[in-house]
Amino acid sequence: MSVYNFKEIESKWKKIWEETGQYKVDTRQTDKPNYYTLEMFPYPSGQIHMGHVRNYSIGDVVARFKKMEGYNVLHPMGWDSFGLPAENAAIKNGIHPHIWTMKNIEEMKDKLNLLGGSYDWDKEIATSTPEYYKFTQEIFLKFLENGLAYKKKSLVNWCTSCETVLANEQVVQGGCERCGSTVIKKDLDQWYFKITDFAEELLEDLDTLDGWPEKVKLMQKNWIGKSEGADIDFKIAGTDKTMTVFTTRPDTIYGVTCMVLAPELDLVKELVAGTDYEKDVENFVTEMYKYSEIERTSTDAEKQGMFIGKYAINPINGKEVPIWIANYVMPDYGTGIVMSVPAHDDRDKEFAQKYKIEIIDVIDEDGKMINSEEFNGMNNKDAFKKIIEKVETSKLGKKTVNYRLRDWLLSRQRYWGCPIPVVYCDDCGIVHEKKENLPVLLPTDVEFTGKGESPLTTSKEFMNATCPKCGKPAKREVDTMDTFVDSSWYFLRYTDNKNEEEAFDSELANKWLPVDQYIGGVEHAILHLLYARWFVKAFYKMGMVNFREPFKNLLTQGMVLKDGTKMSKSKGNTVSPVEIIEEYGADTARLFVLFAAPPERDLEWSEQGVDGCFRFLNRVYRLVDELKDIVKEDTSFGEMTKEDKHMRFTVNTTLKKVTEDLSEKFGFNTAISALMELINEAYKYKELDTRNNAVLKECVETVIVILAPFAPHLGDELWSMIGKEGSVFSISWPKYDETALVQDEIEVVVQVNGKVRDKMNIPANTSKEDLEKLAMDNNKIKELVEGKTIVKIVGVPNKLVNIVVK
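Going by this note's numbering, the sequence shown opens with residue 1, and the numbers climb by one from there.
Heads up, a few of these hints could be off.
Think about it this way: if two alpha-carbon atoms lie no more than 16 Å apart in a straight line, the pair counts; the simulated EDC-like pairs of lysine to aspartate or glutamate are [claimed, not checked]:
1. Lys552 <-> Glu214
2. Lys768 <-> Glu747
3. Lys153 <-> Asp26
4. Lys686 <-> Glu664
5. Lys399 <-> Glu214
6. Lys498 <-> Glu200
Simulated DEER-style distance windows between Cβ atoms [as the list claims (entries may be wrong)]:
7. Glu607 <-> Lys185: 21 to 31 Å
8. Glu604 <-> Lys368: 48 to 58 Å
9. Asp602 <-> Lys12: 28 to 38 Å
10. Lys628 <-> Lys782: 34 to 44 Å
11. Asp611 <-> Asn146: 28 to 38 Å
No lab work stands behind these hints: they were computed from the structure. Since the model is a prediction, treat every value here as computed from it, not as a measurement. Even glycine gets a Cβ: it sits at the ideal position worked out from N, Cα and C.
Required output: the full structure, derived from the provided sequences and hints.
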């Protein structure tokens, strides 16, 4: 008997798949229904980790199964290849980001190919190539032309030592992650996408995504953060100024005892200019710049604030209340102003108690209004509406809907990103680059120092441009785009990646999208998915596509853990997929990550589990090897014994379960478990003296087909071993035999007081009454209940009998 030589087998079939173009797909083909399977594409770090193995194994099973079900399957792979790591490598090692990135792509592609994924590499894309970012630039210009992109000043994190802008995640405890220097806020012109115009649509359409996990939809709803309330105007005492506050609790307006403003507001500067408070406010604002939004708004953060010497007038009762600034109020939520009601808001209460600010109750325990003039005694929900009516009638405010969602700041002061295709002309202002001049290429003559403005400013050739409108000298934009821009439309490019005229062919996109199954980590559940959804909605609005959502179904797989914690280099608990594949084979690695836990849950790494999967594949190989000659015979079932029928029942029951597990849910672990049980039964059956060769043939062929999507190299090898032509993945997924599921005899359990005491083989579909009688006639049961009072007998046909005694 031959040995399962996984290295030889996996090498052999990878070569055959590549030579035969096994996984190539023509996206213009129309002879079959389309099915689009997509895993979130990776950043090309050059390495793969067990999370990659899990993500891509899940997607590959779906793609292979759908192909065998008769679909024209699109299953592409590419690279999210712009980003800061490449730029940091350039600074540290003196290697150009493009060279570093392309080297990593080749290394990572080789490692991913070890897994045996069914990718059509002809569809490969890399977002950092001019062929791709040409169209990222074109899309940007379309957004600009349609009023969906704009530029305005905004505060950014600025490292005083590195003299560069930092992302929020690069600021640690008020210091630069790289050098530790103090980070301040700096006002810079920044580019934005107007995603807030789509806030309500982004929110409402979540209800149409029945194939998305509820937790992900909830995360998006919370991020969008719809709030219904009112904008109310408060006059500033002693001035002609008015400030508007958005509140979700107008019913508490009589309880306002101070106004709390975000320290960064221009209004604060205006109010304290030339006063004794000016210097202290400046110092307070500088201190606030050291903290991130999360640190400032955390419920655990100590509330900090100061009175700024001014008062506001409550429009509802004319009462003057002091104006404060505080760390927990942010400038870009609502209007950046809070009407503080300490009696009915925990944050306001904590702040008021610390600074000895008055607290006034305006709603009692029963929800009735108190201390609220004409609204006293009214239910606070009714008062909510009535107070809004009063401020609207008095022209002191209006009913408003507000969103936590903010416009997407896409400017990055980086080199390794997509250049923003505009120029600045002294005569014409901001001018779009002409379409025929795209792509605006990244220059190669740049200096990577990690200091100062964008590295693009060091290239005179790039900086100095000609105005596309008037032809006079102009300056190029030196910011590049956030890498989320690249990943917000890549799934469309896969359908038409060789198109040199358009980002994608709308007709093709409409045929293939929305993506039927999208797979990736839950860490991308908010921003990436939200931005991709916005892109598609913008495309829909501009008539580029006829669908409004990019991903029909979404699976967010769990993490791979070791010793209960996420694998990471810093913790020293990583497992190398390459080493596992070298020792056990790719099919074993795939089988383990698919079997060890349901895909949406975290998976605990187990060397014993990997070894167990390897031993199982060896068992399958030995079984097929032993029976391959019998399987090649042309046989018929003929007259079948009870054992033959039971084996056929097991085979077809397993096929039915696996089909349902793969069709209706991601039941990979339960499907593999059922296959393992089938193998156990097959080993028992083949040892019988009266075994039926036709039954063995059906069993072996079914085992191979079921195994193939999970362990594709071995699947094709076994298919070849039993004399089949071509690939197992070119056949249709088999249908189970309904007649084989009808049993002549079944096993039922007999319980006494809920505990299993015996099992009986009886004719199928025995009536409840006969089932109970057979149980009571069972000798073992008779002994157990002798001398006891039988309270009741519960018979469930084809399943069990429970005898209750006392």
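Verification of the supplied hints:
Between Lys552 and Glu214, the direct Cα distance comes to roughly 14 Å. Compliance with the 16 Å bound is thereby established for this hinted pair. For the hint pairing Lys768 with Glu747, the CA-to-CA distance comes to about 15 Å; that is within 16 Å, so the pair holds. Pair hint Lys153 plus Asp26 does not hold up; C-alpha atoms about 47 Å apart against a cutoff of 16 Å. Taking the CA atoms of Lys686 and Glu664, the gap is about 32 Å. The hint is violated against a cut of 16 Å.
For the suggested pair Lys399 and Glu214, the alpha carbons sit about 30 Å apart, so the restraint of at most 16 Å is broken. Of the pairs offered as hints, the one joining Lys498 and Glu200 is violated, with about 36 Å between alpha carbons and a cut-off of 16 Å exceeded. The given range of 21 to 31 Å is broken by Glu607 and Lys185, whose C-beta atoms sit roughly 50 Å from each other. Checking the proposed 48 to 58 Å range against Glu604 and Lys368 shows it holds: the Cβ atoms sit about 54 Å from each other.
Taking the beta carbon of each, Asp602 and Lys12 are about 35 Å apart, inside 28 to 38 Å as hinted. Separation of Lys628 from Lys782 is about 50 Å and departs from the stated range, judged on CB atoms against 34 to 44 Å. Taking the beta carbon of each, Asp611 and Asn146 are about 58 Å apart, not inside 28 to 38 Å as hinted.
The structure does not agree with the numbered hints 3, 4, 5, 6, 7, 10 and 11 stated previously, though it agrees with the rest.
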